[in-house]
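Q: Given the coordinates of chain A, assemble chains B and C onto it according to the supplied hints.
Chains as they are written, first to last, in this note's numbering: chain A, 1 to 271; chain B, 1 to 839; chain C, 1 to 299.
Incorrect hints may appear among the rest.
Below, a list of computed lysine to aspartate or glutamate pairs in the EDC-like style, where the Cα atoms sit at most 20 angstroms apart [claimed, not checked]: (1) K226(A) / D192(A); (2) K35(A) / D217(A); (3) K140(C) / E27(C); (4) K466(B) / E27(C); (5) K238(A) / E36(C); (6) K60(A) / D127(A); (7) K210(C) / E469(B); (8) K210(C) / E460(B); (9) K535(B) / E171(C); (10) K813(B) / E202(A); (11) K813(B) / E469(B).
For the record, the hints were derived by calculation from the structure and aren't laboratory data.
Please read all numbers here as calculations on a predicted model, not as lab measurements.
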Amino acid sequence: MSVRGRFSLSMTSIALLLACASGCSSTSGSSTAGKRIILHTVAIPSAQSTFTTGFGWDVKVTQAKLSISAFYYFDGPPPTASFRVPRRSLGERLSNYFIGSAWAHPGHYQPGTALGEVIFARPIVFDLFSTGPEQLSDGDGVTGIYRSARVVLPSQPPADSILDGHVAVIEGQALKHGEAAAQPIYFRLIADFADIAMNVNEGAVDGCVLDETTVIDDGTISMSVKPAIWLNLVDFSKIEPGSAERPTETRNTGFSQGLTQLSAYHFTFSN
Amino acid sequence: MPSVSRFSCHRSPREADLRLTATQRRVRTVLASLVLLLGVPKVARAEVTAPVAREQPPPVWPHEAPSTHDVLVPVVLVLDAGGHVQSAEIEASVDPKVDAAAIAAARQWRFNPALKDGSPVAAKVRAVVRFAARPPAATAAVKVEQPVQSNSPVTAPGTPGVAAVAASEATTITVLGVRNAPPPRSASEIVQDKRVLTAAPHRTASDLLLTVPGIALTQHSGEGAAHQIFFRGFDAVHGQDLEIWAGGVPVNDVSNIHSQGYADLNFLPAEVVKQIRSAPGTYDPRQGDFSVAGTLWLDLGYGEPGVTARASLGQFGSRRYFMAYHPKGWSDATFAAFELYSTDGFGPARAAQRTSAIGQTELQLGTAKVRILASTYAGSFNSAGVLRLSDIESGVIDRYGSYDQNQGGDSARSQLAFELTQGDDQGRWSLSPYVVLRSMRLRQNFTGYLAMPTSGSASEVAAADKASEQGNSEQQTNDASTLGMTGCYRRTLGLFSAADSFEAGIFARYDRIEQAQKKLSVATSEVTLDEVDAKINATNVAGYVDFALHPIRRLTLRGGLRLDGLAYSTEDDGGQGQGQRRSAQGAHLGTKATVDVALTRSVHALASYGDGFRSPQARSLQAGETAPFTSVQSYEAGIRHQTRALRATASVFRTTLSDDLAFNQVTARNERTPPTRRTGVSAEMSAQPNSWFTAAASITYTRAEFTNTDGGYNSGDLLPYAPQVVIRTDVAFTPILGRALNRPITSHFGFGQTAIARRPLPYGEMGHDYSLIDANASVRLREVELGLSAFNLLDLNWYDGEYTYASNFEQGKAPSLVPQRHVTVGAPRTVLATFTLYL
Amino acid sequence: MMSGCSDPTSQRRGSERFTTWGESFVEFGIPAGDGEGGFIDGWAVKYRKFLVNFHEIVVADAAGHVAAKLDQSRFVDNTKRGEKELVTFSNLDAKAYTLVSYQIKPALAEAEIVGDADPEDLAMMVRDGLSMYVEGEATKPNPDDSTQKRTKTFRWGFKTQTSYLDCHSEENGIATQGVVVTTNKTDTSQLTTHGDHFYYDSLQSGDNAKPTALRFEEKAAADDGPNGDGDGEVTLSELCQENIDPDVYNPSGLPGSTIGDFVISLARTVGHFRGEGECTVKRIDPVPSGVENPCDEYP
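Bound-form chain A, shown alone:
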């Protein structure tokens, strides 16, 4: 056989081998793990405007606004996690996670792997008692098990008419529980980034609960805020009572700290 003939024979056998390889390969999984997804973001108005705080005040909120610069979603379980099967190593998933009633587990919250995020080009202003859910800009992420979230409060909030450049504002009236006859305290509490920075670094509230979901495709993340947590440790007796038309505008460390409590923010995922 000539050199050329032998050469073509070899190429034929090569072609046959190649054809076999692609056909004979295993059919399971033709790509790497996971995929990229789009996460729509929706802010849900708060359900409760009337509540009793941990310090024993009955509060009725008339207005509450918060400015936010970003959300991040993680696979690490939040500190308020209940039963769980142990992690195996950094970056690995848990399985059989089931949320019993939330309880505290003080210690280290480990965010784990960042699975998704929405970084607003300009910090948004969220009205906690708006008439309906507010569509925010889309975020991006990857598939995985979503368990917790981070809320980032901006260092330069926008100059909204109510917010007036503060990170958060809450207005309402408070009455000591059991003293219905007393004069309510009309309050307007404000907090700036400097107040927030006393409790958290870079405005990041870590470890917020995201109801655990195995995310496999695009979907929507809904966020809601519990103003009851914001005001839980506010001692209203220290606030000068204003009037309904002109409530006392004041800062309060209980409020600034309340804004940084992970239990004030709740996230869920839906398709």
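A: Chains B and C only, in chain A's frame:
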């Protein structure tokens, strides 16, 4: 004479031909010899025995294009009483260069001296030096002719001249040139020789690796750093899974802080690599640590006789000066070379310089052969680092820009190696000690200002986060001294056939390493965090036995065992280490077996199996831990066709690992993963049908997947990063364009093409495919050569490396934490003009 | 990064020994200091009793196969000097075991008493259903007159049921999950009790802008204040009536508005592993309905 590759035990003729020819010593030639005494009248005949050739190394084709037919050069030799060739003269000239090569070859011949009355005497003989058409297997034919009836007085001082009558049998014995490589252990084990290595232009010896079928390279740390190597579905990082030897000295750095097995080949000028033998898989007991995907042996040699002085000037301020010397008449293993290179780089932060010098010689000392190799190298380079793909696509940063221009590093290597070989094909032993001094510094910034996940106490985590605020510019330094030795003994066995052989060998390597990693501030380069400060003593000792048996005709069985012992002792004073010394040891026994069936004279079918290991980074080991070896099993089956003009191979292969490492997008480091399996097909061919055309082509397809579900990886998912399809073509034409000034005008037109396709990336994505062409053209007349090379001839906008992980290069802004694609940008078209003087 | 590789047919065996120790904070007390090494507000605490009931120490490999398990409970008083052995598991395959866990649960009468712990203390724990009990004295010198000082005593019993899972630590700078048993050697894992955690001023030692500090002043104020009886003993119920000052204390998103909530929550973080190592802290028993804050379970 071909130079010796790593173990000289393997410098034996092709086994199939052993049956045809005896060794050179057994070549029996009857030569006419004449001893004439001046003025002695005819007397009764004395008893004269003609000289018998004992060793006849074949001649080496001169560097110019060899002829397409055999060339015979008649010579007259004068032998002394010891059988050495005292002088050799051309009887009829063919061509000055060929003449010189014939003389050089003949001078090395050894004879059993002529005997007169039982005593050795000097003699004069006529012989023919034959150059065969195919250079590597040059043959030497000695044709015996009529005894020389010369009237001129001849030597033999003091002894009466005798008209000797020799029984002149014109026996032509063909002595086949010795092969440079041992018989292949798998269908896809091949040798890329000088013609393929020089077909396309190559910048460094590291670039030469592209000619090996299945290899793809990327560069993410600057032009002087080691490439990241992908081979048959393996992300071998910088050499973690590819064992590389050059000149009999290991190139991989043990436990290098940047990457296990870091192999920096920039110390070799591309011109001094004579051939690359590639052994994919782990089928050979000579393959040891790092040979997870395979082993490459680079043989060094330079054959252009005299002085070569070369200057190249090119775009982007590229300048290269190369000088080499190779003495005429010596084998190409003896040479010295020097290189100086600098470039401004094709974009900001890409300048590089290097300088290296290397010398090697091969000497005959009595019956032993000695090779000495010495080299030294230093290089420094700047690196632009990686860019976020979204930033390039949205125009935030220029393609050739950089987030941190302080990246780069330097590297140095000095080495000294000896190799002593003694023996013949019945029994040969070889010993090769070496010393290597290495030093490396890298500075890179892959993640910007992102706080990286760290373990440790709250204060340690806080300190790490604080350091990240000033930027994650990591400085890694690694200084290592290596002392090692390889040795082997080989002999024929004669179990089933005369060609059966047995080889036993040892390998020893001791490394003393000092390494450190510090985080630096991007703005001020001050140290913000001391992460690693370690001293490591690593020892690897191995012994192997290897058999080659020929139980029946056409069937060869090769197999062996290799036992490796590894010991590591680490002391880490930096970061969270407290200075305790901890040590770990382990052993691995590997079985290797190959069945080789000769279907026809030139076609063989092979099936191979081998089990090997991947060693860990010393710092990751706990005290007293049995060094965890990842166990590697390779299987391959294929066919080979090999003749002088053409080599073609095709094979299917599979490699399984008991656990693996993959670049983790969260920690931006290689982390342990579940076990994996790589299955693939490879086909390659290399054709050299005549002296002016060379073509080599290969295509490799591999599918790498996980075989278990754990830690975020599912069984069946692809491993990210290693490209699935790698194609390479090397083509060269070297015609003689004409004649001028009484000499031929030789030329070289060549190109090389590398294409990769289907690079799996995390999250179900695929990286960019590319196909690059490098080309060169040169013309030479006598001592002057002019050339032009172009890399990335079509000026393709391509991405060299692609990685998925999270980074944040904008200080103060809310970072993006979801892993995104990062790329290193490939070089645009670069043209170099070369001027060479051959003196 | 543990590989857990071993040859299943090998005969190499070793042992794992579990001990407990209170460190100097429990044995000798917690001085005044910078907030991390001592109380930031000038107080100092000395323990008279530090009773802990350990349960169910488990050693399992990465696949979940349990190699050794201690089902009985061990009762210990860590104010007694020195490291005390709880149990030794011998004849274990020499390899890495990445799933190591233990529990602190209410004492059982048949618990084995470790070291010099007082059997009467055990009886008290069983009777009151306690898993941990600390008793001691806190003092703060008067800045104007060094001979004078304020003193408060305390006797706090906790009913918490906590499991400590996936224990991990750092050995020689390497983050290690679980333990590594080596041939013919006994590896020791110390279940360290950190006696200072009760006094932290935040419930999460994470990314706090303010470093967490040890404080006693507010605990003392619980006895002195309007809700306390001023008898010199700070009780849990007094603590449960003392609201926290958000300027000083941060519940870090966890339930609680009183000092008592803090102390009870922090009691769960006392258990550690091999010194500074930690485990995943998990509440074993379900939260009863109607209970919102930790103090609600301590009437």
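Q: For each hint, tell me whether it holds in the structure or not.
A: Results of checking the hints against the structure:
Taking the CA atoms of K226(A) and D192(A), the gap is near 19 angstroms; set against the 20 angstroms cutoff, the hint holds. Taking the CA atoms of K35(A) and D217(A), the gap is near 8 angstroms; set against the 20 angstroms cutoff, the hint holds. Among the hinted pairs, K140(C) with E27(C) is consistent with the structure: their alpha-carbon atoms are about 19 angstroms apart, no more than 20 angstroms. The straight-line distance between the Cα atoms of K466(B) and E27(C) is roughly 35 angstroms, outside the 20 angstroms bound, and the hint therefore fails.
In summary, the hint linking K238(A) to E36(C) is not supported, as the alpha carbons are separated by about 31 angstroms, beyond the 20 angstroms threshold. For the suggested pair K60(A) and D127(A), the alpha carbons sit about 16 angstroms apart, so the restraint of at most 20 angstroms is met. With a C-alpha separation of about 18 angstroms, the suggested pair K210(C) and E469(B) falls inside the 20 angstroms cut-off, and the hint holds. Between K210(C) and E460(B) the CA atoms are separated by roughly 16 angstroms; this keeps the pair inside 20 angstroms, and the hint holds.
Our distance criterion of 20 angstroms between C-alpha atoms is met by K535(B) and E171(C), whose separation comes to about 17 angstroms. Proposed proximity of K813(B) and E202(A) is supported: the alpha carbons are some 10 angstroms apart, at most 20 angstroms. Between K813(B) and E469(B) the alpha-carbon distance is near 12 angstroms, which keeps this suggested pair within the 20 angstroms criterion.
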